[in-house]
Amino acid sequence: MAAAGTCGTGTRSTGSMVAAASTNNVTSFQRRGPRASGADSGCSRLVSIAGTRPSVRNGQLLVSTGLPALDQLLGGGLAVGTVLLIEEDKYNIYSPLLFKYFLAEGIVSGHALLVASAKEDPADILQKLPAPLIDDSYKKECDEDVCSHKMEPDIKMKIAWRYQLLPKMEAGPVSSSRFGHYYDISKRIPQELIETSKWHGFFLPEKISSAFNVESCSLTPGYMKLLQFIQNIIYKEGFDGSNPQKKQKNILRIGIQNLGSPLWGDDICCTENCDTSHSLTKFLYILRGLLRTSLSACIITMPTHLIQNKAVIARVTNLSDTVVGLESFIGSEKETNPLYKDYHGLIHIRQIPRLNNLIYDISDVKDLAFKLKKKLFTIESLLRAPTLFLPQVVSFARGCQRPS
Amino acid sequence: MFPELNNLLNTTPEGAEQGKLTLLCDAKTDGSFLVHHFLSFYLKANCKVCFVALVQSFSHYNMVGQKLGVSLTTARERGQLVVLEGLKSAVDIFFRPQEEPHPLQFLREANAGDLQPLYAFVRDALEPVDCGEAAWRCPVLLVDDLSVLLSLGVGPVAVLDFVHYCRATVCREWKGNVVALVHDSGDAEDEESDVLLNGLSHQSHLILRAEGLATGFCKDVHGQLRILWRRPLQPTTPRDRSLTYQYKIQDKSIFCCEPSSEPYSL
Numbered sequence: 001m002a003a004a005g006t007c008g009t010g011t012r013s014t015g016s017m018v019a020a021a022s023t024n025n026v027t028s029f030q031r032r033g034p035r036a037s038g039a040d041s042g043c044s045r046l047v048s049i050a051g052t053r054p055s056v057r058n059g060q061l062l063v064s065t066g067l068p069a070l071d072q073l074l075g076g077g078l079a080v081g082t083v084l085l086i087e088e089d090k091y092n093i094y095s096p097l098l099f100k101y102f103l104a105e106g107i108v109s110g111h112a113l114l115v116a117s118a119k120e121d122p123a124d125i126l127q128k129l130p131a132p133l134i135d136d137s138y139k140k141e142c143d144e145d146v147c148s149h150k151m152e153p154d155i156k157m158k159i160a161w162r163y164q165l166l167p168k169m170e171a172g173p174v175s176s177s178r179f180g181h182y183y184d185i186s187k188r189i190p191q192e193l194i195e196t197s198k199w200h201g202f203f204l205p206e207k208i209s210s211a212f213n214v215e216s217c218s219l220t221p222g223y224m225k226l227l228q229f230i231q232n233i234i235y236k237e238g239f240d241g242s243n244p245q246k247k248q249k250n251i252l253r254i255g256i257q258n259l260g261s262p263l264w265g266d267d268i269c270c271t272e273n274c275d276t277s278h279s280l281t282k283f284l285y286i287l288r289g290l291l292r293t294s295l296s297a298c299i300i301t302m303p304t305h306l307i308q309n310k311a312v313i314a315r316v317t318n319l320s321d322t323v324v325g326l327e328s329f330i331g332s333e334k335e336t337n338p339l340y341k342d343y344h345g346l347i348h349i350r351q352i353p354r355l356n357n358l359i360y361d362i363s364d365v366k367d368l369a370f371k372l373k374k375k376l377f378t379i380e381s382l383l384r385a386p387t388l389f390l391p392q393v394v395s396f397a398r399g400c401q402r403p404s
Numbered sequence: 001m002f003p004e005l006n007n008l009l010n011t012t013p014e015g016a017e018q019g020k021l022t023l024l025c026d027a028k029t030d031g032s033f034l035v036h037h038f039l040s041f042y043l044k045a046n047c048k049v050c051f052v053a054l055v056q057s058f059s060h061y062n063m064v065g066q067k068l069g070v071s072l073t074t075a076r077e078r079g080q081l082v083v084l085e086g087l088k089s090a091v092d093i094f095f096r097p098q099e100e101p102h103p104l105q106f107l108r109e110a111n112a113g114d115l116q117p118l119y120a121f122v123r124d125a126l127e128p129v130d131c132g133e134a135a136w137r138c139p140v141l142l143v144d145d146l147s148v149l150l151s152l153g154v155g156p157v158a159v160l161d162f163v164h165y166c167r168a169t170v171c172r173e174w175k176g177n178v179v180a181l182v183h184d185s186g187d188a189e190d191e192e193s194d195v196l197l198n199g200l201s202h203q204s205h206l207i208l209r210a211e212g213l214a215t216g217f218c219k220d221v222h223g224q225l226r227i228l229w230r231r232p233l234q235p236t237t238p239r240d241r242s243l244t245y246q247y248k249i250q251d252k253s254i255f256c257c258e259p260s261s262e263p264y265s266l
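Residue numbers (my numbering), protein chains in the order written: chain A, 1 to 404; chain Y, 1 to 266.
In short, the hints are calculated from the structure, not lab data.
Heads up, some of the hints might be wrong.
Coverage of chain A stretches by chain Y, computed from C-beta distances (three or more under 8 Å per stretch; other residues unrestricted) [claimed, not checked]:
| no. | region |
| --- | --- |
| 1 | 180-187 |
| 2 | 289-302 |
| 3 | 313-326 |
| 4 | 355-369 |
Backbone N, C-alpha and C fix where the C-beta goes; we use that ideal spot for every residue, glycine too.
Bound-form chain A, shown alone:
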């Protein structure tokens, strides 16, 4: 089919452009990939992974979180080999969206997925992912079709055309070499995309019902099984380069939902001094050890507002790399505050890691709020230029004369 053909050449040319640009930059400084064990000779092979880009600051390999606005706030994206911790909002309405964006981005970029949940079946989670909005390769293909139009109607066509073209996406799998996509939350992801993607699911009630031979270790059985599952996938699929049979050139995106909630068998949200108080922190430490030695990135949503012991929250923050907190206005006094009337909540970037560097890219803007529109989740700065001054400025401009 012509559409599929042009799509193919489109992605290939973009891909080779990316590779060419990167090889030019390799001479200026030694670009190290993530801490994968096979990464010493792997510079050239790592830059050709779809859906990733090297960081501007230190060549660290980055993946998109699925929200380009969040990528910008985190300094370009999420570094491969690190953990992104999302502190859930009070009623867990908005944090699942960030979780879904991350997974949807993985499917569109062609990454492998590992979805772990104690509440929902991973297959159901994947069904509910948002549909991606069109990407550039299809746009180029349609430009050829509408070449007879004039310039201005073209611009209008391009904007409206994004939504019109969605049904045409059924032609073949979408594999995009672009970094960061936009999604339409009101629509579900097309079934073909899920079927062509490689995903592994961990649903706790299924895994824990099997034989209960747990060696005495201070991790709760749920965490233990999850760690073993993750390590198994990383080793078998070759994401850490140690498997001689399989050389993987792809990223594994791990998503863990509601970690620390009582459904995982952890008491940390129920009591202040629980016996398994070190279970969660040990889990995070070992998980980070796994991530650092493989080509993977992980998103974890955690109901930190339920954790009774504040010390544990501080420790969990120290053990994660990037921490983003969501605070929704529902039920709080901020709901009636006129300053926040256009928004649904605040987003706090609590921690950004300094990787391979003494400094990091941190955004100057600290007051960030999010808004859930019908199709999109947007993050905006609360600081706006004062609009009160505008009328006076206009009258001044009218009143004064230009000096000759």
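Given chain A, work out where chain Y should sit, using these hints.
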């Protein structure tokens, strides 16, 4: 190493003091730049360094070390540097159980007892061998950081015991130095962390405390550095001298200045 910080501390790699416990502490900010400073400082001072790196991977420290002028891989090959990578070892211990004792084997156990295997590792790494070749100046133990041990289930008393044993061996017996980083949890009411921090503050000769500014985030000033000298080795110098500086971390250096008496203005 940051030359500015050397000036503030009044030390040089050639004239580094021996037999000291230095405590690095951070509150509301990231104090890892101090760890990078001391690591490169002691490597440049030609000391034998045992680095217990529990927080980040070896390549991270290596890359920052290269910006500061030392190559950790070369030092490791030469035998000057011994590194225990916490993250990598944790994965090995957890998934591939080994028969021989590992310094971090408390990760496998339900009740983390004491840190004796870790102490044994440090002792073996830093033991002075007199085999006639170019000897290193003095042994140095650097730990990044001790608060992670609390998160992994080790009790604060066990960590204090470990530091005590290391001090007795490395500082007193072998006239070396011990440097450790601890996080101050501030108002997070972490009792274990407070016990550890207070105990170590009491024992240390030099405390460097990196604090976030009380007024919040600032682009030009990353934080405040408090330097406290305790237990001076000469009886004539005044006891417990302290200095405060504000710092800004740049790509390869740090810029320190006296805190201004006026409120900070743009």
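Hints, one by one, checked against the model:
1. 180-187: violated (count 0)
2. 289-302: That given contact holds, which follows from 4 residues of the region 289-302 of chain A lying within Cβ reach (below 8 Å) of chain Y.
3. 313-326: Satisfied; 5 residues make the cut.
4. 355-369: Three-residue rule met by the region 355-369 of chain A, so holds; n is 7.
Going through the hint list in order, the structure does not satisfy hint 1, though it satisfies all others.
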